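> If you read the sequences in order, they're chains D and W.
Each number in the working numbering corresponds to the 1-based position in the first sequence with 723 added.
Each number in the working numbering corresponds to the 1-based position in the second sequence with 32 added.
Just so you know, these hints were derived from the structure itself, not from any lab.
Treat the numbers as computed from the prediction; the structure is a model and nothing was measured.
Heads up, some of the hints might be wrong.
As the list claims (entries may be wrong) - Covered, in the sense of this in silico footprint (three residues per stretch, anywhere, with C-beta under 8 Å from a C-beta of chain W), are these stretches of chain D:
1) 789–801
2) 843–856
3) 877–888
4) 940–947
5) 966–975
6) 990–998
7) 1174–1186
Stated by the list, open to error - Simulated pairs of lysine to any residue, SDA-like, Cα-Cα distance not exceeding 25 Å:
8) 70/W - 903/D
9) 943/D - 320/W
10) 813/D - 778/D
11) 957/D - 921/D
12) 957/D - 297/W
13) 297/W - 384/W
14) 297/W - 903/D
Said to hold, decoys possible - Reference excerpt, derived from the structure (chain D facing chain W, CB under 8 Å, subset only):
15) 822
16) 823
17) 862
18) 951
19) 956
20) 959
21) 979
22) 987
23) 1024
24) 1027
25) 1028
26) 1158
27) 1159
Backbone N, C-alpha and C fix where the C-beta goes; we use that ideal spot for every residue, glycine too.
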Amino acid sequence: MIEVELQSETDFEGWRVAARKLCAAQIRPAQISWRLPGQAGSLFGGDSRLDQLEPVREVRATKPFLDLARKIVCYRDEQRFDRLYSALFKLQSAPHILSHRLDADTDWLMSAQKAIRRDIHKMHAFVRFRKAGESVDGREHYAAWFEPTHRITTLGAPFFRRRFPNMNWVIVTPEASAMWDGSDLTYGPGGRREDVPSDDSVEDQWKTYFQAIFNPARLKVSAMTSEMPKKYWKNMPEAALIPDMIASAQARTRQMQDEAVTAPTLLSSRLAERHQAQRQGPETPQTLEEARKAILHCTRCSLHCHASQPVFGEGPARARIMIVGEQPGDQEDIAGKPFVGPAGKVLDGALEQAGIERSAVYVTNAVKHFKFTPRGKRRMHAKPNAGEIDHCRWWLDLERAQVDPAVTVALGATALRGVLGKSVKVGDVRGTVIDLGNRGQLVPTIHPSYLLRLPDKGLRAEQEAMFIDDLARAARLAA
Amino acid sequence: MFQAESYSMTKKTIIQKLSILADAAKYDASCASSGTSKRNSVGKSGIGSTEGMGICHAYAPDGRCISLLKILLTNFCIYDCRYCVNRSSSNVERARFTPEEVVSLTLDFYKRNYIEGLFLSSGIIRSPDYTMEQLVEVARSLREDHGFRGYIHLKTIAEADPALIDAAGRHADRLSVNVELPTDESLSSYAPEKTGQTIRKAMADVKSGIDDRKDAAKSRLIKKARPPGFAPGGQSTQMIVGADGTNDATILTTSSRLYAGYGLKRVYYSAYSPVPDASSDLPPIKPPLIREHRLYQADWMCRFYGFEASEVVSATTDGMLDLSIDPKLAWALANRAHFPVDVNRASRRDLLRVPGLGPKTVKRIIAARRHGRLRLDGLAKLTRSIRTALPFIVAADWSPGGLTDEAGLRQRFTPPPEQLSLFA
Chain D
724 MIEVELQSET DFEGWRVAAR KLCAAQIRPA QISWRLPGQA GSLFGGDSRL DQLEPVREVR
784 ATKPFLDLAR KIVCYRDEQR FDRLYSALFK LQSAPHILSH RLDADTDWLM SAQKAIRRDI
844 HKMHAFVRFR KAGESVDGRE HYAAWFEPTH RITTLGAPFF RRRFPNMNWV IVTPEASAMW
904 DGSDLTYGPG GRREDVPSDD SVEDQWKTYF QAIFNPARLK VSAMTSEMPK KYWKNMPEAA
964 LIPDMIASAQ ARTRQMQDEA VTAPTLLSSR LAERHQAQRQ GPETPQTLEE ARKAILHCTR
1024 CSLHCHASQP VFGEGPARAR IMIVGEQPGD QEDIAGKPFV GPAGKVLDGA LEQAGIERSA
1084 VYVTNAVKHF KFTPRGKRRM HAKPNAGEID HCRWWLDLER AQVDPAVTVA LGATALRGVL
1144 GKSVKVGDVR GTVIDLGNRG QLVPTIHPSY LLRLPDKGLR AEQEAMFIDD LARAARLAA
Chain W
33 MFQAESYSMT KKTIIQKLSI LADAAKYDAS CASSGTSKRN SVGKSGIGST EGMGICHAYA
93 PDGRCISLLK ILLTNFCIYD CRYCVNRSSS NVERARFTPE EVVSLTLDFY KRNYIEGLFL
153 SSGIIRSPDY TMEQLVEVAR SLREDHGFRG YIHLKTIAEA DPALIDAAGR HADRLSVNVE
213 LPTDESLSSY APEKTGQTIR KAMADVKSGI DDRKDAAKSR LIKKARPPGF APGGQSTQMI
273 VGADGTNDAT ILTTSSRLYA GYGLKRVYYS AYSPVPDASS DLPPIKPPLI REHRLYQADW
333 MCRFYGFEAS EVVSATTDGM LDLSIDPKLA WALANRAHFP VDVNRASRRD LLRVPGLGPK
393 TVKRIIAARR HGRLRLDGLA KLTRSIRTAL PFIVAADWSP GGLTDEAGLR QRFTPPPEQL
453 SLFA
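With these hints in hand, go ahead and build the complete structure from the sequences.
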């Protein structure tokens, strides 16, 4: 048996230096005894034998292992140094031992690491500072008394430096203390509860908040204690209120349920009247601007129930050309503007090729609300049905009457139905010009999203050229 | 305009206001402080840090985490949403903080390590724009006047000007607007001044802000020239469960639309809970806490387990989730042809569908497979809920045989009937 003396309960360096020598000499874990200050030595004597060990191999310790070891030495368990050495010993022949959860040492170390992490997290959560005064320059001083489960003061303290560098603070625990003076974070011996102020003027406000934010109708004591175990309560000022809050919860809930319904406030009836009056807009909008406002309240079909907003047409009120698409897509629904997504980019490119300024054209859709089905993180476009198109014609007709374009371009079958009021196949009418009587002429063509869906490059180029031709024809007709 | 806030007002102390305005805020379930950008105050003036992981600084006896100072600026409100404790027709006591008072409270609490930051909401006073301006002013002052780097969650007021939403996004870590009720029909019945569309429009504006900043960050030429952030903690929303008659299937479908449409970080489900001076339209009930819990589990299935909402919904009965077993188990029982799954060969996707195996366990299983074939004793070290998984898995030394298809399998997972509490 080799006995190794460590300098403190958390003596990582002492363990590391000794473990390196022992491991290099291939001393088996069972042959070592780690002795802490205050523990009686055995008959076998101490460290002297360490220096006599002959190294027979190189010792490798990965960075993740050393980082883990630095934490594990803070774990309040007698096995910690043995377990670490045992894992180090295995690490020499099995470099991935730390990822092997079924290994007994790894399992033990991982559980310990979890407990340490949790304890550090609880320190960050449950430390309660009390104001201890101010320097002449106005710098505030705070102090806290905290009792961690493990010896984690040095692991937990840097967090407070990152958060509160511009105030002086000290965290006192039974075994160690951490101090920040604005330039250095130092550690000292442990202290007592009496070392920090016994009160703070803000605590009453905090207690008021703690009581008020609690919903007595949802009492779930075990959910609270599993995250905030009772061992922490004695150093949290608000925790003293908990027993009364629990005891009165049922009565408070019952009182809310039993209370007689009171008459609505006077204010609310006056507000309701005013609201009612505001809702009454003009029956039929007379201008595009009125229509743009009125469509916000449109409930002609059910599509408004899921879309973000109606996407009304955009462009000069007296445009010579009106382009009618199908419906807004995902991006149009978010932006509230027509043809700003991928299909809009294709349209923009084609308009440019055809020599048409987009800003001179009135662009709209046959259906004003986005119809979709959710799939994972995306909204997939869904085709509007005939009923939806026909309900929305009310708005399209209004736009057409107001803009009164010389030429209307219908992009795809939905747009054709929106303009013509009946279903027509694009293929049957493409290349023709349809006379709309006193509503000018109609140029039917495909929807630009059709181009996006074509997998074959050659076919796509061919179709794109035809699309540009259709737009150019519309431009000539409108000239 | 009508000035609701001038309606009955005697000077109240900070403690009185805090008591009223925290009470008024507690029906909002969100208290998250995680997932925002990492920052700290080292070498700078000011105060505060965020480190990715949120911190719950206390827990109330309702089991809820207290991470933020969650208060309303005021509980005066010109809206009359029937489910809300602050509706204009309620006779609850009213109060109003000044922006300066909220700023001081936040800093005082923060310095004592009570909180991660502020979650500020408000009743609607005067107009949506005016209300939003007040909220933004608190966040601006904390950030600009006091160098506050803690977490700020601001409520987005539907119908507020997009420029105000933009300002809110510059100062806040998270923005949220609550849909509150799962369907537009319910909203028009119980929240006459609100429409689903204006709420979704507000979410769309926030999404635009987030997307624009992402695009700007991607297209920048100089790596250091980072554009100012916009709500780095994303946006969330809340739905009240049990106030109206909407079933779970509709709630989950609505959630899936919101997640898909607006990139929400979270949808919170809040069991409708008795409020003081409740509306006669919605008589107080015992909050359906188990239902709320099942909805969260179903939500988790879609966000972390690769299920589509439609799959979860397919395993409901009359559109309601089974209250006695969790929805993933319910799905497995209704889809037994997918099982058993061999833990030594199955893909991550298939393992995630096994009842009892969560994302962490699945990761461990896949890692452990590199060291040899998994047996039940090994599996038991990787997960605590091995018993739930047994009928649905094959391991080196285990095959469920006929157990997977056993007619009485569901009974194995349901606790024997319990004496109901008298307080119901």
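> Can you confirm whether the C-alpha distance between residue 297/W and residue 903/D stays at or below 25 Å?
violated, 36 Å
> Hint check: is the beta carbon of residue 956/D less than 8 Å from a beta carbon of chain W?
violated, 10 Å
> Go check the stretch 843–856 of chain D versus chain W for me, would you? Three or more residues, Cβ under 8 Å, otherwise it fails.
holds (count 9)
> Verify the coverage statement for the stretch 966–975 of chain D against chain W, using a C-beta to C-beta distance below 8 Å and requiring 3 or more qualifying residues.
holds (count 4)
> Tell me if chain W covers the stretch 877–888 of chain D under the three-residue, 8 Å CB rule, please?
holds (count 7)
> Given the hinted pair residue 943/D and residue 320/W, is their alpha-carbon gap at most 25 Å?
holds, 13 Å
> Three or more residues of the stretch 940–947 of chain D near chain W by CB distance under 8 Å?
That given contact holds, which follows from 8 residues of the stretch 940–947 of chain D lying within Cβ reach (below 8 Å) of chain W.
> For the hint on residue 1027/D, just tell me whether its beta-carbon gets within less than 8 Å of chain W.
At 6 Å from the nearest chain W Cβ, residue 1027/D passes the 8 Å test, so the hint holds.
> Identify whether the interface hint at residue 1159/D stands, where standing means a beta carbon of chain W within less than 8 Å of its own.
At about 32 Å, which exceeds the 8 Å cut-off, the nearest Cβ of chain W leaves the hint on residue 1159/D violated.
> Holds or violated: is the Cβ of residue 951/D closer than 8 Å to a Cβ in chain W?
holds, 4 Å
> Test coverage of the stretch 1174–1186 of chain D by chain W using CB-CB distances below 8 Å; three residues minimum.
violated (count 0)
> Under a C-beta cut-off of less than 8 Å, do 3 or more residues of the stretch 789–801 of chain D approach chain W closely enough to confirm the stated coverage?
violated (count 0)
In summary, the structure is inconsistent with hints 1, 7, 12, 14, 17, 19, 23, 26, 27 from the numbered list given earlier, while agreeing with the others.
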